[in-house]
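S.K.: Starting from the given sequences, assemble the full structure and let the hints guide the process.
Under the working numbering, read the sequence shown as residues 5 to 65, first letter to last.
Derived by calculation from the structure, the hints in this document are not laboratory data. Don't take each hint at face value.
Stated by the list, open to error - Derived CB-CB ranges, DEER-like: (1) S38 / N63: 25 to 31 Å; (2) V62 / Q31: 22 to 28 Å; (3) L11 / E34: 32 to 38 Å; (4) R52 / V18: 19 to 25 Å; (5) N63 / K8: 40 to 46 Å.
Positions of the beta carbon are idealized from the N, C-alpha and C atoms, including for glycine.
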Amino acid sequence: MGGKTDLERVVAYVSPELKQELEEWAQTDERSVSWLVAKLIDKSLQERRKQRSASEVVNMR
Numbered sequence: 005m006g007g008k009t010d011l012e013r014v015v016a017y018v019s020p021e022l023k024q025e026l027e028e029w030a031q032t033d034e035r036s037v038s039w040l041v042a043k044l045i046d047k048s049l050q051e052r053r054k055q056r057s058a059s060e061v062v063n064m065r
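M.R.: Listed below in structure tokens is the structure:
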């Protein structure tokens with residue numbers, strides 16, 4: 005842990021309740037909160053790209 009990485013850091017402020025829920029989820033999955041949040045962001049961006057692509061196809065008609 006704490007090794008060099010070529011990944012960028014993103015900082016977010018969340019409520020104590022949300023932080024607690026993320027910590028519990030990460031612990032259940034035996035992952036770090038950082039890993040979990042990165043995966044959630046990735047999944048959300050993939051979905052956004054799909055929606056934008058579908059929207060572009062509709063607008064081309």
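S.K.: With reference to the structure, classify each hint as holding or not holding.
M.R.: Hint-by-hint comparison with the structure:
1. S38 / N63: 25 to 31 Å: The hint (25 to 31 Å, Cβ to Cβ) is violated, given that S38 and N63 are roughly 37 Å apart.
2. V62 / Q31: 22 to 28 Å: violated, 42 Å
3. L11 / E34: 32 to 38 Å: violated, 20 Å
4. R52 / V18: 19 to 25 Å: Check passed, 20 Å falls within 19 to 25 Å.
5. N63 / K8: 40 to 46 Å: Since N63 and K8 have Cβ atoms about 43 Å apart, the given range 40 to 46 Å holds.
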